[in-house]
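Engineer: Following the hints, put chain S in place on chain X, whose structure we already have.
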Amino acid sequence: MLELLSGFIVELRNAGLPVSLTENLDAMHAISHIPLEDREAFKYALGATLVKNNAHWRSFETVFEVYFSLRGSEYSISENGEGSIEDFLQQMQDAQMQGEGNGGAGGMDGLTPEELMNILMNALMNGDQAMMRALAKQAVQRFAGMEPGRPVGGTYYLYRTLRNLDLDGMLDKLMDASKQEVGGDLTKLEERLEKDEYNSRIEQFKQEVEAEIRRRLVADRGAEAMAKTLRKPLPEDVEFMHASRDEMQNLKKSLQPLTRKLAARLARKRRHGRKGPLDFRNTVRHSLAYGGVPAEPKFKYPRPAKPELIVIADISGSVAAFARFTLMLVYAISNQFSKVRAFVFIDGIDEVTDYFKKTEDITEAIHRINTEADVIWVDGHSDYGHAFEVFWDKWGKEINPKSTVLLLGDARNNYHASQAWVIKEIRQKARHVYWLNPEPRSYWNTGDSIVGEYGSHTDGVYECRNLRQLEAFVEKLA
Amino acid sequence: MDPRFESVQAVRDGLKAVNYLADEGIAGVAFLADRLGKPVLVEGPAGTGKTQLAKSIAEMTGAKLIRLQCYEGLDESKALYEWNYKKQLLRIQADRGSDSWEDIHDDIFGSEFLLTRPLLEAITSKEPVVLLIDEVDRVEVETEALLLEILSEYQVSIPELGTIEATQIPLVFLTSNNTRELSEALKRRCLFLHVDYPQMEREKEIVLTKVPGVTEMLADQITRIVRSIRQLDLKKSPSVSETLDWARTLVLLGVDTIDAEQAKETLHVLLKYQSDIAKAAKELSDD
Numbered sequence: 001m002l003e004l005l006s007g008f009i010v011e012l013r014n015a016g017l018p019v020s021l022t023e024n025l026d027a028m029h030a031i032s033h034i035p036l037e038d039r040e041a042f043k044y045a046l047g048a049t050l051v052k053n054n055a056h057w058r059s060f061e062t063v064f065e066v067y068f069s070l071r072g073s074e075y076s077i078s079e080n081g082e083g084s085i086e087d088f089l090q091q092m093q094d095a096q097m098q099g100e101g102n103g104g105a106g107g108m109d110g111l112t113p114e115e116l117m118n119i120l121m122n123a124l125m126n127g128d129q130a131m132m133r134a135l136a137k138q139a140v141q142r143f144a145g146m147e148p149g150r151p152v153g154g155t156y157y158l159y160r161t162l163r164n165l166d167l168d169g170m171l172d173k174l175m176d177a178s179k180q181e182v183g184g185d186l187t188k189l190e191e192r193l194e195k196d197e198y199n200s201r202i203e204q205f206k207q208e209v210e211a212e213i214r215r216r217l218v219a220d221r222g223a224e225a226m227a228k229t230l231r232k233p234l235p236e237d238v239e240f241m242h243a244s245r246d247e248m249q250n251l252k253k254s255l256q257p258l259t260r261k262l263a264a265r266l267a268r269k270r271r272h273g274r275k276g277p278l279d280f281r282n283t284v285r286h287s288l289a290y291g292g293v294p295a296e297p298k299f300k301y302p303r304p305a306k307p308e309l310i311v312i313a314d315i316s317g318s319v320a321a322f323a324r325f326t327l328m329l330v331y332a333i334s335n336q337f338s339k340v341r342a343f344v345f346i347d348g349i350d351e352v353t354d355y356f357k358k359t360e361d362i363t364e365a366i367h368r369i370n371t372e373a374d375v376i377w378v379d380g381h382s383d384y385g386h387a388f389e390v391f392w393d394k395w396g397k398e399i400n401p402k403s404t405v406l407l408l409g410d411a412r413n414n415y416h417a418s419q420a421w422v423i424k425e426i427r428q429k430a431r432h433v434y435w436l437n438p439e440p441r442s443y444w445n446t447g448d449s450i451v452g453e454y455g456s457h458t459d460g461v462y463e464c465r466n467l468r469q470l471e472a473f474v475e476k477l478a
Numbered sequence: 001m002d003p004r005f006e007s008v009q010a011v012r013d014g015l016k017a018v019n020y021l022a023d024e025g026i027a028g029v030a031f032l033a034d035r036l037g038k039p040v041l042v043e044g045p046a047g048t049g050k051t052q053l054a055k056s057i058a059e060m061t062g063a064k065l066i067r068l069q070c071y072e073g074l075d076e077s078k079a080l081y082e083w084n085y086k087k088q089l090l091r092i093q094a095d096r097g098s099d100s101w102e103d104i105h106d107d108i109f110g111s112e113f114l115l116t117r118p119l120l121e122a123i124t125s126k127e128p129v130v131l132l133i134d135e136v137d138r139v140e141v142e143t144e145a146l147l148l149e150i151l152s153e154y155q156v157s158i159p160e161l162g163t164i165e166a167t168q169i170p171l172v173f174l175t176s177n178n179t180r181e182l183s184e185a186l187k188r189r190c191l192f193l194h195v196d197y198p199q200m201e202r203e204k205e206i207v208l209t210k211v212p213g214v215t216e217m218l219a220d221q222i223t224r225i226v227r228s229i230r231q232l233d234l235k236k237s238p239s240v241s242e243t244l245d246w247a248r249t250l251v252l253l254g255v256d257t258i259d260a261e262q263a264k265e266t267l268h269v270l271l272k273y274q275s276d277i278a279k280a281a282k283e284l285s286d287d
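Same order as they appear, the protein sequences are chains X and S.
Position 368 of the first sequence, counting from 1, maps to 368 under full-length UniProt numbering, and the rest follow consecutively.
Position 25 of the second sequence, counting from 1, maps to 25 under full-length UniProt numbering, and the rest follow consecutively.
With the rest of the complex left out, here is chain X (with noise of 0.2 Å):
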């Protein structure tokens, strides 16, 4: 037990979760106050001692799962693991058959997929939790086409069941089903109900699968070796231009807190900096509690002044998603500056600060910059040279020595001009010139970026491939 918990330790200070020395004994001592066969107060004992950050929780699950997965011959790839769980199987089967008066049925192994799909149906129609598992067990098994000792992630298998599966398709059967159920229409607000409803049931069997298949891996293959192919990185740590669509759903949540972190930082540091200048008036008017000797000495609040930020983001394709989500952070802590505009481009530029002003939902203004602003000048692929000689000429002479200037992109310029000119004009006039590039350092100025060429303009070119880089710059700016 012991070594299978410091592996699982080792396991999880690899996936990035930072578990101290007490923690780790803490640990020790939690499982000796818990019931070993209890596997979710187990899980929860290791959970509530290891884990102190909520955006952790799902890499601990993770690794939790790999290694105190269920495992036993029932659980192995092959197919002759005859165990209790089969003979629940028929029992479930044969209460679902009788109640669709079909009558007896052999072992499930029997059945065609259309009467799986049918048998499927009515555990979902029904929320029937144990029915649901046993099916996706048996959905891995027959659809999966798991091989012992093939060298294939589980995403593989998961994508080969669900194929199968047709799960999209299932919910608008089970819609149907639940109207004629009713008889006659549904309201909209019932509808939405039901397919919400039905969702998160689709869902649960979804996790019910990859857990089977996760559980057949590893018994496979051990533990080690399942969690090494499974590691995600922490949400912080995910790079933005690489980011899968369920990674982005996951930046997109802890966004939020950070935000709120941050401007409660940036607040508190501008409330609580160094001392301004004496406050003449309120020492004199403290001095009178001494008999007239100022003691106690007042000084003034500093009140430092806000930066006028100025953000230039490249939004085509390849770094749409960074741009994106600077421009959610920076507008989530916009009251940390006297103004921001924002300017998008691609190979034309446009100005969007209106988007934000209209709206309080910055996720809304952003679908707006997608869909309207007018950022396209020829062919659509990113031409820095351009976009920033057009920014000089319309907008140039709105910088002043208060603004700070933020460029956002990878400089891939499709080896167009540079117009680099326009960069230097720009930190001649403004107070700060930066450049965010969300490309690890090692690809700058290969190919077509120029990063180099711009960077040597400005007063710094920072690396922010992720949220962690990301936060600390923006929390240096403000």
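Just to be clear, a hint being listed does not mean it is correct.
Said to hold, decoys possible - Calculated pairs, BS3-like style, for lysine-lysine (alpha carbon to alpha carbon, straight line, at most 30 Å):
(1) Lys-236/S with Lys-476/X
(2) Lys-282/S with Lys-179/X
(3) Lys-253/X with Lys-272/S
(4) Lys-264/S with Lys-357/X
(5) Lys-78/S with Lys-64/S
(6) Lys-43/X with Lys-206/X
(7) Lys-279/S with Lys-173/X
(8) Lys-187/S with Lys-253/X
(9) Lys-358/X with Lys-78/S
(10) Lys-78/S with Lys-298/X
(11) Lys-252/X with Lys-187/S
(12) Lys-179/X with Lys-252/X
(13) Lys-476/X with Lys-235/S
(14) Lys-86/S with Lys-339/X
(15) Lys-282/S with Lys-358/X
(16) Lys-306/X with Lys-78/S
(17) Lys-261/X with Lys-272/S
(18) Lys-264/S with Lys-476/X
(19) Lys-236/S with Lys-357/X
(20) Lys-279/S with Lys-261/X
Rather than coming from a laboratory, the hints here were simulated on the basis of the structure.
Structural biologist: Frame of chain X; chain S shown alone:
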């Protein structure tokens, strides 16, 4: 010291008896907190019953609840202890001339002149205590250090008096709305519990136990609609307490089944931002 709870299930049942529906995780962590004698750091969105958890545990175990509300500028004299200067002055003046300096010096720094504040009170109390340190994320990072000694050793060191150790180990709950990252030192000393919006079934049960006069059907509808709303991209998702408010409103209005129109009219109970209300109303009616 005897453990307070028999098993995880006992915690769960006990909490249920005082109308707090805990899930596996909450009950498990509360159980461990007692067995390991460690504080619990409860984190999660506002209005999910973090403070209520501490209150319910206190009610369940029949312990006294001592609460320290944190805010910016909280300091030692408000959290731990303070010397009662006026009383000390009086003492010195009362027998001027009679006592020698040593006597007075030892005398005025006795426990008689000590004003206990919540933290000190919690560990010196004779009866069982549940200590709730509310919204610990509001104090500055430096002030957090005040809590460290009491959280790990259950003792308070007073320079003039020595170390006061706990007569009994209180159950300690710290809550945080996560407006800033707490220091590693604090996190390390605590068990961590994240309380999120509950699953639909649990929320329905909560509505049923907390709102008198609500029908099973209505509760079901309410929680389903709330779940739909939580899936939207909102500034502030409705919390459990707002769900309860909404349920009470609907019961007061004598509503049996909610249609889109009624839902729209009472949305302002559930959501607190105009833009959120507009968005949810749009989603709930014909889209």
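Engineer: For each hint, tell me whether it holds in the structure or not.
Structural biologist: So, going through the hints one by one against the coordinates:
In summary, the hint linking Lys-236/S to Lys-476/X is supported, as the alpha carbons are separated by about 28 Å, within the 30 Å threshold. Of the pairs offered as hints, the one joining Lys-282/S and Lys-179/X holds, with about 23 Å between alpha carbons and a cut-off of 30 Å not exceeded. Restraint check: the Cα-Cα separation between Lys-253/X and Lys-272/S comes to about 20 Å, which is no more than 30 Å; the hinted pair holds. Restraint check for Lys-264/S and Lys-357/X: the C-alpha separation of about 27 Å stays at or below 30 Å, so the hint holds.
Only pairs whose Cα atoms come within 30 Å are accepted, and Lys-78/S paired with Lys-64/S is accepted, the gap being roughly 20 Å. Between Lys-43/X and Lys-206/X the alpha-carbon distance is near 21 Å, which keeps this suggested pair within the 30 Å criterion. As the CA atoms of Lys-279/S and Lys-173/X are separated by approximately 29 Å, the hinted pair is consistent with the 30 Å bound. This hinted pair checks out: Lys-187/S and Lys-253/X have alpha carbons roughly 23 Å apart, not beyond 30 Å.
Using a Cα cut-off of 30 Å, the hinted pair Lys-358/X and Lys-78/S is violated, with the two alpha carbons roughly 45 Å apart. Distance restraint check for Lys-78/S and Lys-298/X: the Cα-Cα separation of roughly 24 Å lies within the 30 Å cut-off, and the hinted pair is therefore satisfied. With a C-alpha separation of about 25 Å, the suggested pair Lys-252/X and Lys-187/S falls inside the 30 Å cut-off, and the hint holds. Note on Lys-179/X and Lys-252/X: the hinted pairing is violated, with a Cα-Cα distance of about 35 Å set against a maximum of 30 Å.
At most 30 Å may separate the alpha-carbon atoms for a hinted pair to count; Lys-476/X and Lys-235/S meet this at roughly 26 Å. At most 30 Å may separate the alpha-carbon atoms for a hinted pair to count; Lys-86/S and Lys-339/X exceed this at roughly 52 Å. With a C-alpha separation of about 18 Å, the suggested pair Lys-282/S and Lys-358/X falls inside the 30 Å cut-off, and the hint holds. Restraint check for Lys-306/X and Lys-78/S: the C-alpha separation of about 34 Å exceeds 30 Å, so the hint is violated.
The hinted pair formed by Lys-261/X and Lys-272/S meets the criterion: a straight-line CA distance of about 21 Å does not exceed 30 Å. Our distance criterion of 30 Å between C-alpha atoms is broken by Lys-264/S and Lys-476/X, whose separation comes to about 44 Å. Distance restraint check for Lys-236/S and Lys-357/X: the Cα-Cα separation of roughly 20 Å lies within the 30 Å cut-off, and the hinted pair is therefore satisfied. A hinted pair counts as satisfied when its Cα atoms are at most 30 Å apart, and Lys-279/S with Lys-261/X qualifies at roughly 25 Å.
Taken one by one, the earlier hints fail for this structure at numbers 9, 12, 14, 16 and 18, listed in ascending order.
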